[in-house]
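Chains as they are written, first to last, in our numbering: chain A, 54 to 278; chain B, 54 to 278; chain C, 54 to 278.
Calculated directly from the structure, the hints in this document are not laboratory data. Bear in mind the structure is a predicted one, so any value in this text is a computation, not a measurement. Treat the hints loosely; a few may be bogus.
Since the list gives no way to pick one copy over another, a pair counts as held whenever it fits inside one copy or between any two copies.
[As the list claims (entries may be wrong)] Subject to a maximum C-alpha distance of 20 Å in a straight line, what follows is the list of computed SDA-like cross-link-like pairs (lysine to any residue):
no. : residue 1 : residue 2
1   : Lys95     : Pro131
2   : Lys95     : Ala142
3   : Lys95     : Gly183
4   : Lys95     : Leu157
5   : Lys95     : Leu150
6   : Lys95     : Phe146
7   : Lys95     : Arg215
8   : Lys95     : Ala132
9   : Lys95     : Val143
10  : Lys95     : Asp236
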Amino acid sequence: MSLSPDLGFLSAIEPFGALTAIIDFVGVAAFAATGALVASRKEMDIVGFALLGAVTGIGGGTLRDLLLGLPVFWIAAPAYLVICVVVSAVIFFTAHLPYSRYRLILWLDAAGLALFAVVGAEKALIAGAGPVIAVAMGVITATFGGVIRDVLGGESPVILSREIYATAALAGALAFVVLAALDLPRDAALAGALALGFAVRGAAISLGWSLPRYRPRPGRRPEDV
Amino acid sequence: MSLSPDLGFLSAIEPFGALTAIIDFVGVAAFAATGALVASRKEMDIVGFALLGAVTGIGGGTLRDLLLGLPVFWIAAPAYLVICVVVSAVIFFTAHLPYSRYRLILWLDAAGLALFAVVGAEKALIAGAGPVIAVAMGVITATFGGVIRDVLGGESPVILSREIYATAALAGALAFVVLAALDLPRDAALAGALALGFAVRGAAISLGWSLPRYRPRPGRRPEDV
Amino acid sequence: MSLSPDLGFLSAIEPFGALTAIIDFVGVAAFAATGALVASRKEMDIVGFALLGAVTGIGGGTLRDLLLGLPVFWIAAPAYLVICVVVSAVIFFTAHLPYSRYRLILWLDAAGLALFAVVGAEKALIAGAGPVIAVAMGVITATFGGVIRDVLGGESPVILSREIYATAALAGALAFVVLAALDLPRDAALAGALALGFAVRGAAISLGWSLPRYRPRPGRRPEDV
Numbered sequence: 054m055s056l057s058p059d060l061g062f063l064s065a066i067e068p069f070g071a072l073t074a075i076i077d078f079v080g081v082a083a084f085a086a087t088g089a090l091v092a093s094r095k096e097m098d099i100v101g102f103a104l105l106g107a108v109t110g111i112g113g114g115t116l117r118d119l120l121l122g123l124p125v126f127w128i129a130a131p132a133y134l135v136i137c138v139v140v141s142a143v144i145f146f147t148a149h150l151p152y153s154r155y156r157l158i159l160w161l162d163a164a165g166l167a168l169f170a171v172v173g174a175e176k177a178l179i180a181g182a183g184p185v186i187a188v189a190m191g192v193i194t195a196t197f198g199g200v201i202r203d204v205l206g207g208e209s210p211v212i213l214s215r216e217i218y219a220t221a222a223l224a225g226a227l228a229f230v231v232l233a234a235l236d237l238p239r240d241a242a243l244a245g246a247l248a249l250g251f252a253v254r255g256a257a258i259s260l261g262w263s264l265p266r267y268r269p270r271p272g273r274r275p276e277d278v
Numbered sequence: 054m055s056l057s058p059d060l061g062f063l064s065a066i067e068p069f070g071a072l073t074a075i076i077d078f079v080g081v082a083a084f085a086a087t088g089a090l091v092a093s094r095k096e097m098d099i100v101g102f103a104l105l106g107a108v109t110g111i112g113g114g115t116l117r118d119l120l121l122g123l124p125v126f127w128i129a130a131p132a133y134l135v136i137c138v139v140v141s142a143v144i145f146f147t148a149h150l151p152y153s154r155y156r157l158i159l160w161l162d163a164a165g166l167a168l169f170a171v172v173g174a175e176k177a178l179i180a181g182a183g184p185v186i187a188v189a190m191g192v193i194t195a196t197f198g199g200v201i202r203d204v205l206g207g208e209s210p211v212i213l214s215r216e217i218y219a220t221a222a223l224a225g226a227l228a229f230v231v232l233a234a235l236d237l238p239r240d241a242a243l244a245g246a247l248a249l250g251f252a253v254r255g256a257a258i259s260l261g262w263s264l265p266r267y268r269p270r271p272g273r274r275p276e277d278v
Numbered sequence: 054m055s056l057s058p059d060l061g062f063l064s065a066i067e068p069f070g071a072l073t074a075i076i077d078f079v080g081v082a083a084f085a086a087t088g089a090l091v092a093s094r095k096e097m098d099i100v101g102f103a104l105l106g107a108v109t110g111i112g113g114g115t116l117r118d119l120l121l122g123l124p125v126f127w128i129a130a131p132a133y134l135v136i137c138v139v140v141s142a143v144i145f146f147t148a149h150l151p152y153s154r155y156r157l158i159l160w161l162d163a164a165g166l167a168l169f170a171v172v173g174a175e176k177a178l179i180a181g182a183g184p185v186i187a188v189a190m191g192v193i194t195a196t197f198g199g200v201i202r203d204v205l206g207g208e209s210p211v212i213l214s215r216e217i218y219a220t221a222a223l224a225g226a227l228a229f230v231v232l233a234a235l236d237l238p239r240d241a242a243l244a245g246a247l248a249l250g251f252a253v254r255g256a257a258i259s260l261g262w263s264l265p266r267y268r269p270r271p272g273r274r275p276e277d278v
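Please build the complete structure, drawing on both the sequences and the hints.
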């Protein structure tokens, strides 16, 4: 055990290494904050903040673990749940401070998206999944926390947003699987994939990047011609 | 086997004891009734009643079992599913009788909320979970049946309601975990926690109890001052 | 191994036999197409198409496997995921071709509904479930892909539709369980149940078949009489 005592909870996720654990932990906190900020938009009470924060923070990883047949990560390491509650409580008392809560949600969500995309892909690879499943797990881990947040919070699901969203998760997860296959040191692969996923989503937020969207073609009914 | 033959299905949940099994069973029936009443508001057919009733009745407990890595309770004991269908069919033919279906949904939901909060917490403790996870399982079991009902029924999720909701589940689950830790006889702990959870939610419904909700602060933009 | 090499992925689901595997596969493709068509209505990008297509195609079967405690089918056989992505990409470039996308969604959904109802029931029977659970698994497998599609796509859940929907899945699953109990050859039982489920839903779409729906009775308040 090379971990200091106050990080003892990380030992439950030791197989994934300290870096992955830290990435996972920061991603959980970032997503929990977005859930709590949605709760503030709905003017919920502090228990509602904690519930929506926790569901958003751990929802994507929970789905990943259930699909892979792994024990659910936060059952073995309740610290994840505790950090969601703490983050939500802090947001309850400070949500009025940021100039634009909407932009803060977007950027924290972007951080969580990139973090979960790489950690989801890595956890799948370690569990023995092939590259297709690993990429899918990265995308699922990254997107479903936000999807559950929006469905429970009565918002329009973020995957319907105009700008690149799931694509950024795909870029991060795919990059990690490719870099890992190239036998790059794991920390470098994690960092590179993380940077790519965040850069893609960040560009979508700040520059309005989007992929070509499906557009209805001109009608073929007589009255449309 | 101290159970009479016609309660033979309870043997599948024997480890949790007859009282827990009865509480669980009544909770499933109460939640199934709320699901069927939402189906009546949407003017669904009888199969839709059964589907929405079953999903609401067993949804929270299903999620609890999946998260804990336990076999899903109603797969081993299909009587839970049967009671959901029976309750839903009864509601299909009698939903016009209550003076206010809306209030009936609220009160049955309150009963299910309290029942599932304690049984969810106990099932988690028996499965070896610590106190934090046990409380979380109580809250999840109690709230997610109603959340799934509202999402599938196209209603606004009940956790967004103005009055205390998840907080009542938290009170019941927390009370049970504390009382159990104090080595109270299990039946007394169950009864006490159940009464507390129901009283808190009941007060919220009839007296309009609520926790302080997040409120937008005065703006800090020049034009708001 | 009687399967040709290019169908090698089917070996992962070999216990269910080639016919069940083909039915399952066609059902996944049909549902994936409905998910992608909903994505086209929302004017999503190609990654959004793939995400919504995949969730719809594999969502119902995923829930079935989790409930039964089986390994999730597409983790072991990623070809299911690949076909969802391929179908979604094809739809992205061709969704303008059908005269009425809405009717195409309805009919593909009907095919998926019937296919998943029988394959869901069979997979449950093979896993050792009794008849009640097998029928429930058929209904769940058949309906939840569409439910998840509608929730994520921001559409009104299809189970709230005026015409027979869940009832068709129930008819197909029930027919298969009964025919299997009568010791009919499995292929005949599959084909018969499939035809029944599709015929019931098809009649609902083209003839407007519906079960009697719950209707509010005349009021009993003085001012209503």
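task = At 20 Å max between alpha carbons, let me know whether Lys95 reaches Val143 within a copy, between copies, both or neither.
result = within (17 Å within a copy, 36 Å between copies)
query = Within a copy, between copies, both or neither: where do Lys95 and Arg215 come within 20 Å Cα-Cα?
reply = For Lys95 and Arg215, only the inter-copy Cα distance (10 Å) is at most 20 Å; the intra-copy one is 23 Å.
request  = Pop the pair Lys95 and Ala132 into one bin, within, between, both or neither, using alpha-carbon distances up to 20 Å.
outcome  = Neither: 27 Å inside a chain and 39 Å across chains, both beyond 20 Å.
query = How do Lys95 and Leu157 come out at 20 Å by Cα distance, when the copy is not named: within, between, both, or neither?
reply = Answer is within; shortest intra-copy Cα gap is 16 Å, inter-copy 26 Å.
request  = Could you place Lys95 and Phe146 in one of the four classes (within, between, both, neither) given a Cα distance threshold of 20 Å?
outcome  = within (15 Å within a copy, 37 Å between copies)
key: Intra/inter-copy verdict for Lys95 and Ala142 if alpha-carbon distance must be at most 20 Å   = within (15 Å within a copy, 36 Å between copies)
Homomeric proximity label, Lys95 with Leu150: Cα distance no greater than 20 Å = within (17 Å within a copy, 34 Å between copies)
message = Regarding Lys95 and Asp236, is the shortest C-alpha distance of 20 Å or less found within a copy, between copies, in both, or in neither?
response = neither (47 Å within a copy, 40 Å between copies)
key: Lys95 and Gly183: within-copy, between-copy, both or neither at 20 Å Cα   = For Lys95 and Gly183, the Cα distance exceeds 20 Å both inside one copy (41 Å) and across copies (32 Å).
query = Is it within, between, both, or neither for Lys95 and Pro131, if the alpha carbons may be no more than 20 Å apart?
reply = For Lys95 and Pro131, the Cα distance exceeds 20 Å both inside one copy (27 Å) and across copies (38 Å).
Hint check: violations occur at hints 1, 3, 8, 10; the rest are consistent with the structure.
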